[in-house]
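**Student:** So you can see what is in the structure, the chains are spelled out below.
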Amino acid sequence: MTRTRTTKKLAQRIDLNYFKRPTPQKRAKLWLSLLLPLLALVWIAERAIFKDSRVYSSGRLSEPHAVLEKECAACHAQKAGAFSAKAADNACLACHDGPIHHAAQTPTPGCATCHTEHRGRKNISAANNQACTECHADLKAGDSSARFASHVRSFEDGHPEIGALRLVAGIPASDPGTIKLNHTIHMKPVRRGPNGPNVQLECGNCHRVTAADADLTYADPKYRAATVSYRDADEFLPLHSETLKAPRSITGRELMAPVKFANACAACHLLTFDKRFDFGVPHDKPEVIHTFLVRTYREYIAVLPAEVRVLRDPSRDLTGKPLPPEVRFLTHAQWVTERTAEAENLLWRKTCNQCHTLTSFAKTSGRKIGLSVSQESDVNRLSSVSAELPYVAPASITLRWMPHAKFDHGSHDGFTCISCHARAMTSAESSDVLLPSIATCKTCHAPGPEHAESRCFECHTYHDWSKRKEVTPKFTLPALRTGGN
Amino acid sequence: MDKTQRGWALASLAILAPSAFVYVLYVFEAPQGPRGGSVIGLTFGVIGFAFMIFAALLGARKRVPTWRVGRAQAWMCGHLWLGFLALPMILFHGGFHFGGTLTRVLMWLLIITVFSGVFGTALQHYIPRVMTSDVPLETIYDEIGRVRTLLREEGDRAIESICGNLGLSKTSSEEAQRAGGFTALRTMSAAAVPLRTSAAVSAGASAAVAAAPEIILLSEEESAPLCRFYLNEMCPFLERPKQRGQRLGDAAKASSAFAGLRTLLPATAHVALADLEDICDEARQLTRQERLHHWLHGWLLLHIPLSLALILLGAIHAVMALRY
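Chains as they are written, first to last, in this note's numbering: chain B, 189 to 673; chain X, 6 to 329.
Where hints are given, some of them may not hold.
As the list claims (entries may be wrong) - Partial list, computed: chain X residues near chain B (C-beta under 8 Å):
| id | residue |
| --- | --- |
| 1 | G41 |
| 2 | H302 |
| 3 | I309 |
To be clear, the hints were calculated from the coordinates, so they are not data collected in a lab.
C-beta atoms are modelled at their ideal positions from N, C-alpha and C, and glycine is treated no differently.
Make a model of the complete structure from these sequences and hints.
**Tutor:** Below, the structure is given as structure tokens:
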């Protein structure tokens, strides 16, 4: 081992100017350090030349706005001479009107507070709970705080029971409707008409969403075809004045249609009034029924005048009152009046009263009878006929039970009715409110991946769409697709 | 971790922990989740970008070492820790969303830059130790090619000193001196020169001294195995040391090859044979050094250009974010 390697000799074999020579690694480092930033600059410059500002986008637009992906200026309008081109509320309001929530609300947030764009293909109307709880966690909106829960932090924390189910002064809320309906009886096998077979009703026989065709299993075509003098709308309770209406019904499957006599009741609940006739009275106002009866009897007696000879009914002997003569001869008018009175007695006291609330009686001569034009002549001819007509209370059907929330029956199609409306099976009073409790909602609607959405927007609407104003459109299709203005 | 690093680590933790706390609060309070454009989001963005700028300034500081702006070690620590902190700050800034095209590019540039830096830091801690143990004959990386040429020439001279002129040696005596002048010097003043072998260097000896015996030319028959070995195996190895499958590329195989040769050659040739073995060992070490050097500095080819692009695009993003 004789090979020598002294420091001096080792130094001798090193070129002392070695650091001045570029090595491949140094050269590569230098060139890459120049090339990469240069490439970045070229990329930015190329985008600028083509006036494509999308490169600066902080994320993809939401689905409804995806068509504006190339149209940055649609929202980011630059003022003359200004560098800033931030999206302002005006840009949103140019296409969408966004009515305020409440006149007394403080503060009024900007659009972007709740509707954040550039967060990808998500539902831009799905505002975060904080946007609502900013006020509703500690509500101080004047007198509203007395009527609304003032400390709602989320659906799980502080949300009150559904308004229609809340106790008012310790008394459970009741259905203001006046139609008498015993759900328990109707959910058991019931006889179809006086002599019909036993049938088992389903919820859907009577209750259908507004967009669906009515189930006609228990309908009567004659009643369906008949024109009535009352309007359906008169039978509904007016919406709460502060109801925040949804912008529009999207599917028509959100709410249940009101139950109609002609569609759901007429097949079983016959409005018969006399054995002489195999049809019933119209399902209409008492005045109309009275006119119908008088006309029907007049026509009848005109065809069968022998009927004016009235034989005493043997069953009348039970009353203890003085018996009428065995045979009576009446004039046509007397006969019509007697038969009309008998029929009305049956209707007002039994048939109509079974479902409707007949609260008081009035003389027909004492008030104007609302009839259709076709019946006007009958009224004139029968003006001499006097009868006590009842006052039928309006049905007062509640169309929207949750004026401050929206519910979509269509989205809950997969569930049986009684899984939520279980009380319908045991409810005997029409005053029972058969809405499910909010606890029922919470079984599915809760935070977490295994539950349905539970954020505020799922049921509540911020904007008061009843105050919506129309906006003037500004885009044209060709311009939008080509990126022009 | 030394004291200096511990101080920086604690300082970084002191920055990161409250930042994370503020971010978590911010996430729960922000109506629409964290956004880069909010006050808190912008604050995180500004801090993160400032850290990036500071980290990038290390390059400038290295280019002008005479600048009296803090110690180089402090700059390096700041580069490491603040550069690393830039990543969480920017993630807080963007709410862990990568956003649009430019921001996504920026996020990936940042991630790659930071992780390449972390990788490089780990290598800078590990490889020098490996280098010290595996490459005691380490030379200046840039001169490896040159030293390798000199080794070849030295080998040529050594073989010709015992086998006669094979037409290999072309170097002048001056070049031989620069190469270490092993064989030539030995013939001229062999007894007087103190020797320091690679083995001695490996063992940590400061100056292993031995007397060099005089060289005796071998007969053609005696030198035939050595000539064959040199021309067929050693020359290709010295010229192309990275080529796979060479016996001399592996220390154990090389040792056994030389041991075999030693049995075939007379004792007078063993000294020259030891020189040749030493030359092969040095060549092997240079190859190892090259490989380690590529690991040690190769990540910079990614780290530096990407960080420059990151700073440039980050500045553009900052300006355009103010606009939109």
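**Student:** Does each hint fit the structure? Answer for all of them.
**Tutor:** Results of checking the hints against the structure:
With a least beta-carbon distance of about 7 Å to chain B, the hint placing X/G41 at the interface is held under the 8 Å criterion. The beta carbon of X/H302 is positioned within 8 Å of a beta carbon in chain B (closest approach about 6 Å), and the interface hint is therefore held. At its closest, the beta carbon of X/I309 sits 5 Å from a beta carbon of chain B; the interface hint therefore holds under the 8 Å criterion.
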